[in-house]
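> Just need the whole structure built from these sequences, with the hints factored in.
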Amino acid sequence: MRAAILTDTTKCIGCSECVIACKKVNHLPNDIPQRWDMNDGLSADNWTSVIGEPADKFVRKQCRHCLEPACVSACPVGAMHKTELGPVIYESAKCIGCRYCMMACPFGIPRYQWSDPVPHVRKCILCYDRIKEGGQPACTEVCPTKATIYGDRDQLLAIAHQRLRENPGKYINRVWGESEVGGTSVLYISDIDLSFLTYGEQFGKMPLPDATRPAMEAVPFAFVGMGAAMAGLYWIIKRRMKLEAERADEKAGGKPGSEE
Amino acid sequence: MDRVRRLKLILWMLLGLAAAVAITRFFFGLGATTHLSDATPWGLWVGFDVMGGVALAAGGFVVTATVYIFKLDEFHSIVRPAVLTAFLGYVAVAVGLLFDLGLPWHIWYMTIYWNPHSPLFEVGWCVMLYLTVLTLEFFPVPAEDISALASVRRFLVKLRIPLVIVGIALSTLHQSSLGSLFLIMPYRLFPLWYSPILPVLFFVSAIGLGLMMVILESHFTAYLYRRKPETKLMRPLGEAAGWVLILYLALRFGDLAYRGQLHYLFASAWQVKLFWVEIAAMAIVPLVMLWQRQFRKSSNWQWATAAIATTGIVLNRIDVGGLADLSRGGSLYLPEWTEIVISLGIVAAATLLFLFMVEHFRVWEHRPADPDADPRKLPEFNKVGFTWLGTPVIAGRVKYSLAFVLAAGFGFLLLGSPRAASMGATPTPTHRARGNVGNIGLQLAAARTGKPAPATAGTGVLYLDADLTNWGVTFYHQREIDRNGGEKSCVICHHMNMPHDQESGCYECHRDMYLPTDSFRHDWHASPKGANLACVQCHERGYPRTSAHVKPCSDCHKDLVPAGATIKITTYIAPSYVDAMHTLCIGCHVKVAQKENKPEIARCAECHKGKLNFAAAQNYLYSRHAPAGRLVVLPPPKVSEVH
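Which chain is which? The protein sequence lines are P and U, in order.
Heads up: the first sequence at position 2 corresponds to 2 in our numbering, and the numbers run straight through without jumps.
Converting from the second sequence to our numbering requires adding 260 to each position, the first position being numbered 1.
Quick caveat, the hints were computed from the structure, so don't treat them as lab data.
Don't take every hint at face value.
[As the list claims (entries may be wrong)] Below 27 Å or equal to it, Euclidean Cα-Cα: the simulated DSS-like pairs (lysine-lysine) are:
| # | chain 1 | residue 1 | chain 2 | residue 2 |
| --- | --- | --- | --- | --- |
| 1 | P | K24 | P | K94 |
| 2 | P | K146 | U | K858 |
| 3 | P | K23 | P | K132 |
| 4 | P | K23 | U | K851 |
| 5 | P | K238 | U | K418 |
| 6 | P | K146 | P | K170 |
| 7 | U | K418 | P | K242 |
| 8 | U | K331 | U | K418 |
| 9 | U | K557 | U | K488 |
| 10 | U | K331 | P | K251 |
| 11 | P | K242 | U | K331 |
| 12 | P | K238 | U | K492 |
| 13 | U | K858 | P | K23 |
| 14 | P | K57 | U | K858 |
| 15 | U | K488 | U | K331 |
| 16 | P | K146 | P | K57 |
| 17 | P | K23 | P | K57 |
| 18 | U | K855 | P | K24 |
| 19 | P | K82 | P | K132 |
| 20 | P | K57 | P | K170 |
| 21 | P | K11 | P | K24 |
| 22 | U | K818 | U | K789 |
| 23 | P | K132 | P | K94 |
| 24 | U | K858 | P | K24 |
| 25 | P | K238 | U | K331 |
| 26 | P | K57 | P | K24 |
| 27 | P | K24 | P | K146 |
| 28 | U | K858 | P | K11 |
| 29 | P | K205 | P | K170 |
| 30 | P | K24 | U | K851 |
| 31 | U | K557 | U | K492 |
| 32 | P | K205 | P | K82 |
| 33 | P | K94 | P | K23 |
So, in structure tokens, the structure goes:
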């Protein structure tokens, strides 16, 4: 099974029980508005938020748990990694604090503990400990309207498409997260455009790790190639200079020139 | 050597300032010393210290290639300074990285935890290895004077060509991989900078920058030590850099044209202006200057050309590293002065090390001699300080130490404690409750006697919106009095009301509304402008002046807590505004929710009307919708409506 969440924004009443449940389960402290917060309600102490966008519509924001996560491919020490089950989790013990995952994430999800002298990256981990033992994430468990539900990704996709089919005109005919940047585990169906959950771009289908892959695959060849080219050039130039020196000496009738 | 000493004095001052900031950075974290945010997690320290530093140090591999591979022996004299610059540049990069990493003591984890898919992993490894190579390349220079190291030196000299080749290959990799870092952010980086050939662009511009940096450094040190400028030698380097820059321009614009992004050049975004400034500084202006006749003869002209080009290319690194993407992240990043000071401090340290090396080892053919450094020279009399400062060398040390310490002190002064201690909490503007509350006493009297209240009694209806977000509630004062049990209940809400003030606003104690605050203002009590009290008027004589040995407030403020109050003052720490409001409101809501079986009124959303992330979410919505139509839960009542 591939764990996933489907959020139907038309069912969300904005009660934010998911936010409270997330805070309780993950032992997150109260958050205070801080200088470095983004305007979406997420912070190191708040891993999911409900955005009222536009007015009277509610959209829950959380980590999308991409199928091919940019953060995982970016992390130089492998502190971020994609589990078999689906969640992208973070091992704080490995982290060096480079924040490349935050730069790489196309959804701008990972947050940093800027005020802490020993800071870590914080983000939703899809309640990995709970779902590992067969449970479900705290947020989907408490949702009073079942606006956000947990399940297998393929089944949830089927449910989403079924809802789109059965209610023509109610939704925008699209499942957000089905194929953008290679697909995400957190899916949305909605009656409003959800591109504000990202940097306001319409994403392509290419998984972002594929953008770096050609460059990274070229690395060994570049190293060996450059080394070989330099060694070859060195040899050729040295030999040519030696020959020239010999020729000059022959003309002058002297002895062969010696190296330094 | 006067110029050198003056420069060193300035560098030591910068180092002192940076030391103060460095201590603050490691004790209070990145939030207290940088302007980084969740929207722009990389800033100046990555853009300038790391990416700019690596690019500036490109002179090392370019010059070693020129001399040892291409056998252009006329440049042999600049190999040593170029390798030294590269070595110090990479040390500076490593130090800069220690400041930027959140957990710098984990930096070595890259050697045990591998993720070969990450360009940063590759950059890390290459920088480590190349730093080793540079150390081995440069080591023979200081080892020259030490006979015990002669065999090591001979071995390293034999190893030179393989070292040079490995160094070039490693440089190729990480100079380009710094560009690969950004390949994963097509949606973040502005299209004028994002390109699949970023690695190539970075590599080509690094070669140009390396050459320009060699010119800059040569002329700068020539000025500093009053040596003869190597104008003739630098000319071909400048011309080579020119060809590299032409290649760079062709690649960059060719790439934009090939991918059909040229229309962005005429877009109205401010990044476009940044792009043109960058291109002008890094390529166009230097190229024009290279073609002038002056470039052949004038060292100043060469110097200026190189300075403009290096500035431009470093600007390019800073742009890619964060400046060019800031509009996407939704917040404006401009470096904090503390970030700039750390960057300057690292440069200052590297420069001082360079000057030390140059003065003590044979980096150049001839070591610069300090005419004043003769130990037999008599000490000078300082006419300003009326002191004997010893020989110029000793005097220099005293001055440098003094500059360092004073600058560090000044740095701490500038940093101050509130910024570090505030942990980034945004102070929120606050306001008194608005509305026609009137005279509570008259209202109460009217309620007691059953007679209609006079006009001055007011309506007792308030609009509470202390944080000025336009999300507020109408507050019926009388209703709260009745609910809480009549006249004696005032202190339930007016919990620590200030003396002689019957309606103190929350903000009067909760000045930073999201953090617990100290409601006792010691500075005010001690200040001549305030209560003007001497220490002993509150603190007992002969005891430590702490809160444990102090008169209770009620000794002076007889009416601090009204008679019959239900609260007792045990601490002067006021809970945060959020906590205070939650305690005051939630209790009642929960009770009523149970009694009336209305669970929804105890939900957070009942007050936070769906804008669930508390003030942050409210601010967000407010900022989004304020101009068009204000989102107000309950509009502020107009006085006329209330009557």
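> Are the hints correct? Go through all of them and say.
Going through the hints against the structure:
1. P:K24 - P:K94: holds (25 Å)
2. P:K146 - U:K858: holds (20 Å)
3. P:K23 - P:K132: holds (19 Å)
4. P:K23 - U:K851: Holds. K23 (chain P) to K851 (chain U) sits at ~23 Å (cutoff 27 Å).
5. P:K238 - U:K418: holds (16 Å)
6. P:K146 - P:K170: Distance of about 17 Å is within 27 Å: holds.
7. U:K418 - P:K242: Holds, because 19 Å separates the two Cα atoms, which is no more than 27 Å.
8. U:K331 - U:K418: holds (16 Å)
9. U:K557 - U:K488: holds (13 Å)
10. U:K331 - P:K251: Distance of about 23 Å is within 27 Å: holds.
11. P:K242 - U:K331: holds (12 Å)
12. P:K238 - U:K492: Judged against 27 Å, a Cα distance of about 26 Å means the pair holds.
13. U:K858 - P:K23: holds (24 Å)
14. P:K57 - U:K858: Satisfied, since the Cα-Cα distance of roughly 24 Å is no more than 27 Å.
15. U:K488 - U:K331: holds (25 Å)
16. P:K146 - P:K57: Roughly 16 Å separates the two Cα atoms, so the pair holds.
17. P:K23 - P:K57: The given pair, whose Cα atoms are some 23 Å apart, holds under the 27 Å limit.
18. U:K855 - P:K24: Within the cut-off at roughly 26 Å; holds.
19. P:K82 - P:K132: holds (14 Å)
20. P:K57 - P:K170: holds (14 Å)
21. P:K11 - P:K24: With Cα atoms ~23 Å apart, K11 (chain P) and K24 (chain P) stay inside 27 Å; holds.
22. U:K818 - U:K789: It holds: about 22 Å lies between the C-alpha atoms, which stays within 27 Å.
23. P:K132 - P:K94: The hint holds at about 21 Å.
24. U:K858 - P:K24: Holds, at about 23 Å.
25. P:K238 - U:K331: holds (8 Å)
26. P:K57 - P:K24: holds (25 Å)
27. P:K24 - P:K146: Holds, because 19 Å separates the two Cα atoms, which is no more than 27 Å.
28. U:K858 - P:K11: holds (21 Å)
29. P:K205 - P:K170: Within the cut-off at roughly 25 Å; holds.
30. P:K24 - U:K851: holds (22 Å)
31. U:K557 - U:K492: The given pair, whose Cα atoms are some 7 Å apart, holds under the 27 Å limit.
32. P:K205 - P:K82: holds (19 Å)
33. P:K94 - P:K23: With a Cα-Cα distance of about 24 Å, the restraint between K94 (chain P) and K23 (chain P) holds, given a limit of 27 Å.
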